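J.: Residue numbers (this note's numbering), protein chains in the order written: chain A, 1293 to 1692; chain B, 956 to 1497.
The hints are simulated quantities; they were obtained by calculation from the structure and are not laboratory data. Here the structure is a predicted model, which means the values were calculated and not measured. Be aware that a few hints might be false.
[As the list claims (entries may be wrong)] Label-pair ranges, simulated between beta-carbon atoms:
(1) T1380(A) - F1391(B): 45 to 51 Å
(2) E1657(A) - L1458(B): 53 to 59 Å
(3) G1408(B) - G1405(A): 39 to 45 Å
(4) G1408(B) - T1380(A): 52 to 58 Å
(5) S1314(A) - F1391(B): 30 to 36 Å
(6) F1459(B) - T1670(A): 55 to 61 Å
(7) E1419(A) - V1337(B): 33 to 39 Å
(8) R1343(B) - S1304(A): 50 to 56 Å
For each residue, glycine too, the CB sits at the ideal point set by N, CA and C.
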Amino acid sequence: MPKWIAFVLSLSTFLILSGCWSAVELKDLSIVSAIGIDKLDNGDINVSFQVINASEVTGQQGASRGASPTSVFSSSGKTIFEAARKATKNVPKPIFPPHLNLVVINEQFAKEGGLLKTLDLFGRDNELRTNAQVMISKGTDAKSILMVQSPVERVTAEKITTKMENLEKISGENIVMDIDDVTSALTSKGKELIVSGIQISGDKEAGQKKENIQQSKPNGILEINGTAVFKDEKLIDWLNEEESKGVTWVLGRIRSTIDNVECNGDPDAIAIETLKSNANIQSMIKNDKPSIQITIQQEGSLGEVNCGKDFSDPQAILDTEKLLADEIKKTIESAISTAQEKQVDIFGFGDVVYRQHPDSWKKYESNWSEMFADLDITIHVQAHIRLTGMKINSFQHQKK
Amino acid sequence: MRLKNSKKTQQISSPSEQNGKKKPSQLLLNEGLEAGNNYFKKSLDQNKKIIKDIVGETSDLIEHELVLSSDPLIKGVVFSINGLVDKQQVGQFILKTLLDDKLKEKLVSSKSSLLQKIEKQILTVNEVTLETESDKTIHALLSGKSILFIDGIDQAFICATIGGEWRSVEEPTAEIAIRGPKDGFIESMSINISLIRRRIKSPKMKFEVIQLGKVSQTNVAITYMKGIANAKVVQEVRDRLNKIDVDEILSSASVEELIQDKAFTLFPTMLSTERPDVVANSLAEGRIAVIVDGTPFVLIAPVTFSQFFKSAEDYYQRPEISSLIRILRYIAFTLALLGPSLFIALLMFHQDLIPTTLVITLAAQREGIPFPAFIEAFIMEVTFEILREAGLRMPRAIGQAVSIVGALVIGQAAVEAGIVSAAMVIVVAGTAIASFTTPAYNLAVSARILRFGMMILAATMGLYGVTLGLIVLIAHLASLRSFGTPYLAPFAPFIPEDQKDGLFRFPLWSRKKKSILSNENNPLDTEKGLNATQPSETGDTK
C-alpha cells in the first residue's frame, strides 16, 4: 500500500472517532443569563431560567419585535438537574448555560439550607461555570427577581453583576461572591459565608412589565441590599450596609469608599475618599486562648470639605486622619460585635488561626463558634490623607 | 530522444572560450528535421540551400545577396530573422562594410586569407564567431544573430546583431517597494543579467547558460557567486536542470515545476521574483538564481518558509518598522489560513468560548440565517474566490462593473437579504484582506486552498479538527526541503545566527555574517535532501 493511501486512511479515522455530533448552531440555543432557585410548597425545587432574546438585546434593525429583552421560563423537580431537564418542555430552544452570570437563591430556601444543595450541580456539570455570582433574593422569590425589567442595561443579570462589581469597587458595602467563593467558604471550618442580597424596590408587578423600562422613572427596580450571613449553611440574618463595610475592611477588600468625619461640630462635614487599603490579621495564643489583632492601613484623599478648617496646616490633616481612623474603627467594631453576637466568624479569623497556629487550631476547631463569640480582638487603624484634591481649602475657609 | 546530461554549458561572461573548439553536437533543432546536421560547403549556393532547406518557407527570414567585388568576383549572402535582429547594426556594420568601395583594396592588399581578412579586418560588428555546422548556425540565426556566407568559404560568420523590440525596464508590478529601486526584470535574459550584474560588480558572479526544451531551445542561466554559494547545491541545480526533458520551456514557472524538491505540495520551494535587487541580495547570501529567457520572473533557491514573508521593502525601511511589519505578515497569514475555520469552530462547537456580549450579538445576527455557519462561510468564501478570479481575468475596461456587483454580493445586500450574517461578511472580508499581505503570491495561494480544508475540519470536529489540521500542516512543512535546506529553518532546526533575519530584521550593523543557511558554511546536513528525484523522471516523489 502506498504511503499516502495509508496516510489518508489513518487521517480518516479521526472523522470516525470524533464526528460532528456536538455541533450546534448558535441560533438553536437559548442563552441563559441567570438562574433563580426557589422551593415550592410541596417541597419540589423550582428552577427559573432567564433566557436572552438576542435580537431584542442588540437592537438589530428589523429583527426586533418589541418584545422583552429577556424571558423567564421555569419548571420544577426533586433536584435542580431534573427541573432543568423538564424546562426543555417550555423553553423554545435547548438551554445553553455557559454564559450564566447570576444565580439567585430564594431567601426562604437559603434559610432551610438550600444553598448547599444548589452548588453540587454547578461544580459538576461541564456546561456550567463557577464564576457566576451568587445572590440571595431578599423579601421575594428568585423568579420574581429574574422577571424584573431593568432600564439602561437590558439584561438584568448583567446589570446586577456589573452593579455588584462597581459597588464593591467604589463603596465596599458589598462583596462579590461567585460560586467558587461560596463553595470555599462553605467547606472551610474557620470561616462563615456571607452573600449579598437583592430585592425589588417599588411595585413588584409593574416592574415585570415592559412598560417599566419605557418610562424615565421605573415603577420597580432591582436593588442590592444587605448581606446575608450564613451559619452552618443556613441563612440566619442580614447585615446592614455599615456592618457589611466593616467586614470588607477586615477582609482587606476595600478598594475605594467614602467615610464622613466631624469638623467644627458638624458630624459629617468632611468626606474622605479611600484610595488604597490593606488589612493585616495576626493571631496570638496566650494562655491557650487565641486573640486576634487587626491592622488596617488606609490611604485617602479629601473628597469634600464643608467647613472652615485650614488644611494648609499639617496639624489639621493629622487631626482629620485621627478622626478618620476612629470612624473606620467604629465601622469595624460594629461588624465584629454583630458577628460575635450571632457567633458567626464571617471574617475568617478561624482560618487565620489555622494558618498561623495549626497545632492549636485542632483544639479550637470543634467549638470555634463559641470561642469566636468572646474572642479578644484588637483593631489598629492607620489612616493617612495623602491628597487634598484639586485645591487645599474650602470656600468657607476662603470667606473668612 | 533523451538529452540527459548532454548539453554543454557555456559562460556568457567569456564567450570567446568556445571559439574554435569543435564539439560533436547532438542538438537537434527540430524533430521534423530530415537532413540532420550538415557541414557547410565551399559553394555559396550549397550553403544557401542548406539554410533554406531547414529554415526556408518562412516570411521572416531575410536573405540579402551581396557582391563584394566584381573582379575577382566575390559573392556573399546575409541571413537574418526579421524582428529579432537589430537592422541598423546589420546595415551599418555588415552590409555597409562589405559593400564599401575601398573593400577591394583591402581584399587585394593583404596577404592573409580571405576568411581572416573578413573576420579580422572588414566586419566591424561587435562579436563575430565562425561556425561550420548547420544546426548551431541555425540556432544562432533563430536567436537573432545574422549569418554571413562568402563564396568559397566553408564556414558561416555569425555576427551578434541581436536586437528587436523588448518591453522596457519598468517598475515591478507584483512586488512593490516604496523606497527601493524601481526597476524590474523584463522578458529578455541578457537585459535581466545586466540588471543583476550592475548591482554586484564581482568577478565571483557566474552566469552559466544552457538551452532547455527540445523545440523551444530556451536559454536558461544558472547564476551564483562562486565561493559563496554551496558548490554542491550549484551542482544539484545544474543536474536537475539537465534532467529536464520537455519540448517547450516558456516560463520560469515550468522550470520551477520540473526541478522543485517535492512534486505534491501546496508550498513553493523556490522563490520567484521580478526584482533585481532581491536576486542580487539572494546571490550575495549564497543562493542560486535561475533566469529563464522570456520571463520576467527569476527563480531563487534554496529558500525557506520565512523567505516568503520577507519583502524587499523590509531592507529599505528602519529595522524596527520592518520587524513589526514582518510579524504582522505572519499574523495575517495565520488569519488568512484559519480565520473562517476558527469562526466556524466557535460558532458551531464552542459557543461558550465567545464573550457573553459578543455571543448575544452573534446570536441576534444569526437568527434569520437559513444556513449553518459552515455552509454560510463556504458560500461566502467561494463567492469571494469567484470575484477575485473574475477581477483577475476580465478585461480591465469592465473592472468597475465587477467591483460594484462584488461589493453588493459580498456586502450589505447579502446581509440585508438575510442570507448571510454581518459577522460572517466581516470574517470573510478580513480573511481576504489578510491574504493579500503575504509578499509571495504563490504562498498566499497555498493559504487560500488550505483555508477550505481547515474550514471542513472545523465544521466536522471544531477546534479539535483545526488543531489536527495544524499538526499535519506543520509536520508537512517540516518534511519539506528546498534543495537540501530544511523548509522551516532557521526556526526548526533553530539557527541562532539566522534569527537576525528571520521573524525580526536586526539592524544591518548587528549582522556580521550573512545568512549561513545557504552558503558554504552551512552547519546543517543538507546533502540528505539534495538528491530528490525528479517528478518528470519517475512520475513519483521520493
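J.: Which earlier hints turn out false for this structure, listed by number in ascending order?
T.: 3, 4, 8
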